[in-house]
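Student: Going down the list, the protein sequences come from chains Z and G. Quick note on full-length UniProt numbering: the first sequence kicks off at 1 and runs consecutively. Quick note on full-length UniProt numbering: the second sequence kicks off at 1 and runs consecutively.
Hints were generated in silico from the structure; no laboratory data involved. Just so you know, not all the hints are guaranteed correct.
Distance ranges between label pairs, derived from CB positions [stated by the list, open to error]:
#1 G:N265 with Z:D56: 35 to 45 Å
#2 G:Q209 with Z:G266: 28 to 38 Å
#3 Z:E136 with G:K227: 37 to 47 Å
#4 G:Q179 with Z:R242: 49 to 59 Å
#5 Z:G255 with G:Q119: 41 to 51 Å
#6 Z:K117 with G:E69: 45 to 55 Å
For glycine and all other residues, C-beta sits at the position ideal for the given N, C-alpha and C.
There are 2 protein chains.
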Amino acid sequence: MSQVDNAVVSAHLSHVRIVMVNTTLPANIGSALRAMKTMGLSKLVLVAPKTYPHPDINALAAGAVDLIEQIEIVATLEDAIKDCHLVFGTSARSRTIPWPLLDARPAAEKSMQAVVKDQQEIAIVFGREDRGLTNEELAMANYHVTIPVNTDYGVLNVAQAIQVICYEMRMAAMAFVEQKENPEASMPVTETESMHWDEPLVTHEQMEQFYPHIEKMLAEIEFMDPKNPRLLPLRLRRLFGRIQLDRMEYHLLRGIFTRVQAMNNGTWKKSVDKTTDSSEDQPHA
Amino acid sequence: MSQVDNAVVSAHLSHVRIVMVNTTLPANIGSALRAMKTMGLSKLVLVAPKTYPHPDINALAAGAVDLIEQIEIVATLEDAIKDCHLVFGTSARSRTIPWPLLDARPAAEKSMQAVVKDQQEIAIVFGREDRGLTNEELAMANYHVTIPVNTDYGVLNVAQAIQVICYEMRMAAMAFVEQKENPEASMPVTETESMHWDEPLVTHEQMEQFYPHIEKMLAEIEFMDPKNPRLLPLRLRRLFGRIQLDRMEYHLLRGIFTRVQAMNNGTWKKSVDKTTDSSEDQPHA
Chain Z
1 MSQVDNAVVS AHLSHVRIVM VNTTLPANIG SALRAMKTMG LSKLVLVAPK TYPHPDINAL
61 AAGAVDLIEQ IEIVATLEDA IKDCHLVFGT SARSRTIPWP LLDARPAAEK SMQAVVKDQQ
121 EIAIVFGRED RGLTNEELAM ANYHVTIPVN TDYGVLNVAQ AIQVICYEMR MAAMAFVEQK
181 ENPEASMPVT ETESMHWDEP LVTHEQMEQF YPHIEKMLAE IEFMDPKNPR LLPLRLRRLF
241 GRIQLDRMEY HLLRGIFTRV QAMNNGTWKK SVDKTTDSSE DQPHA
Chain G
1 MSQVDNAVVS AHLSHVRIVM VNTTLPANIG SALRAMKTMG LSKLVLVAPK TYPHPDINAL
61 AAGAVDLIEQ IEIVATLEDA IKDCHLVFGT SARSRTIPWP LLDARPAAEK SMQAVVKDQQ
121 EIAIVFGRED RGLTNEELAM ANYHVTIPVN TDYGVLNVAQ AIQVICYEMR MAAMAFVEQK
181 ENPEASMPVT ETESMHWDEP LVTHEQMEQF YPHIEKMLAE IEFMDPKNPR LLPLRLRRLF
241 GRIQLDRMEY HLLRGIFTRV QAMNNGTWKK SVDKTTDSSE DQPHA
C-alpha cells in the first residue's frame, strides 16, 4: 500500500501536461479530465478542439471542474509544446520512420526522472479520435509512446489511453517520492527500454572513427584549434555518445563532414546554378 | 517495445475473470468489455446485473461482441467465484476489518504467478457504481486490491478501474511470457537520465529554430535538395529529438552550422598562416 505524500506527488505531476489534438467528442475531454484528476494531473491543453465548450465536458468531468477552468486552448500543437523539454507522441501503429518508442511504463519513468531531477516540462500528446496524430505531429515528439495491447484488437479509445498514461505517471511519481522518503527502498525502475529500431546501432569501434573525423573537420574549418581544443572533444563525445547513432545516421553525419572538408579544401565546388538563398545569416540563440 | 507472443499472453489472461456485482449502468458493462478485450482478457461474469441485456452494452463494447456472447450471468457472488483459487475484491476505502491489501500492480503480478506456475483461476470483483462491495462480499476475497489515486479526489468509476486492472494484468502476463521466451532479456538503451547535467536542456521551442538552421545549412552546401529533401529532415528530427541537447551543445552545433554557412558564402575565409593562434575563432569550447 502506498503511503506517500499526496501533495508531493501532485507537485511532480503538475509538470506533466496532457495535450489533445483536434478532439471531436466533448465526452472524451470530460473523461480525460476525470482520469487526470483521479491520478493527480492538472494541466490539459486542447489544440483546436472541434467542440468546445460543451456541457458534456462538464458532465463527464464529474468533480474535476477546477481542471476545466485551467484548460488551455491553443491553435497549434507547436503552441501546446513549445516550452516543453520532453514530448511524447502517442501512436498505435508503426510509421514510415521508426522513432524512439517506449511503452507507457518506461515512458512514465523517464518523464518523472526528467521532472524530479531536472525540473523538465513534459507533454503527452494524444491525437484525433479517428486517425490519431499526423506524421508531422509525431515528428515533433522526442519519443513515441505506446500502450501494450492485445494485438488482435488494439482499439483503446483516447479516454482509455489517457487513463492508462495518467495512471503510469502517478505510479512513477509515487515511486520517486517513495524512494526519496525511504532511500533504502529499492528503486523499482523497470529497464525495459528496449527500442524497436530499423537500423542497427553503431558500435563503439565505429564511433572511434567518428570522433577523429568530426574533430579533423572542425580543425580544418578552424572552429577548433587542434593545439588547444579545450573541452570541445569531450563535449562532442558526450553529445554523440548519448545519442547512440544508428548506421544510417552515422553515415549521414560522416557524409556531411566529408562534404564540408571537400568544400573547404576546394575539391568540391558549388554548382553554378544556385537555387538556395543563403544571403541572410541565421543567428543562433 | 513488446514483442511477446500475443496468443500466449491471451492464454494466461483467460484464467483471469472480471466479476461485476449488481451493475446498474449497461454502459459500464460495455466499457468493461472493451477494456478487457483491448488488454486480452475474455471472461466477464455479471452477478445479478440491474439491466441486462441492453443495447448500450453492445454500443459501448464496440468490436468486443464476441465477449458479450461469453458473458456469464449468475445470481450470487458465491456462484461467480466458486471455482477460483485467488479472489481479489476491489475497494476504494479501508474497511472496518483490515484485510490483506495490494496495489493493482503487485496484485496483477501475484495473479499471473498463480496462473503461470499453478494454473490457478483468478477473479477480480468490482462492486456497485454507488457503494462498491459490501463487507460480506469483501470478506469473500483473499486480498483486497486498490488503485493508487489522488487522495484528494479518489473517484475512479468502475469502467476506469477495470481498465487499469486489466492493463496491469496484461503487463504482468507479458512480463512472464517475456521472461520465459528470453531469460536474458531487456536490452538497455540510452541512459541519459541517470546523469546529473551541468547545463539546462533546451526546450522544444528552441529546437524548432535548430531544425530549420541545419536544413538550411545542408541545402546551402548542397547536401540536401530543399525541393526534394526525401527523408532527411525527418531523420534529423529523429536523431536530434532523442538526444535532448543542452544549451551548450545547442550553441556549439549552431555555431558549427553558421561557420559552414559563412565559409560557403565567402563571408569567412581560412587564415593564411595555419599556425596562428585561432582561439578567437573558437566561439564555443
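Student: For every hint, state whether the structure bears it out.
Tutor: So, going through the hints one by one against the coordinates:
no.	hint	result
1	G:N265 with Z:D56: 35 to 45 Å	violated, 57 Å
2	G:Q209 with Z:G266: 28 to 38 Å	holds, 31 Å
3	Z:E136 with G:K227: 37 to 47 Å	violated, 18 Å
4	G:Q179 with Z:R242: 49 to 59 Å	violated, 29 Å
5	Z:G255 with G:Q119: 41 to 51 Å	violated, 57 Å
6	Z:K117 with G:E69: 45 to 55 Å	holds, 50 Å
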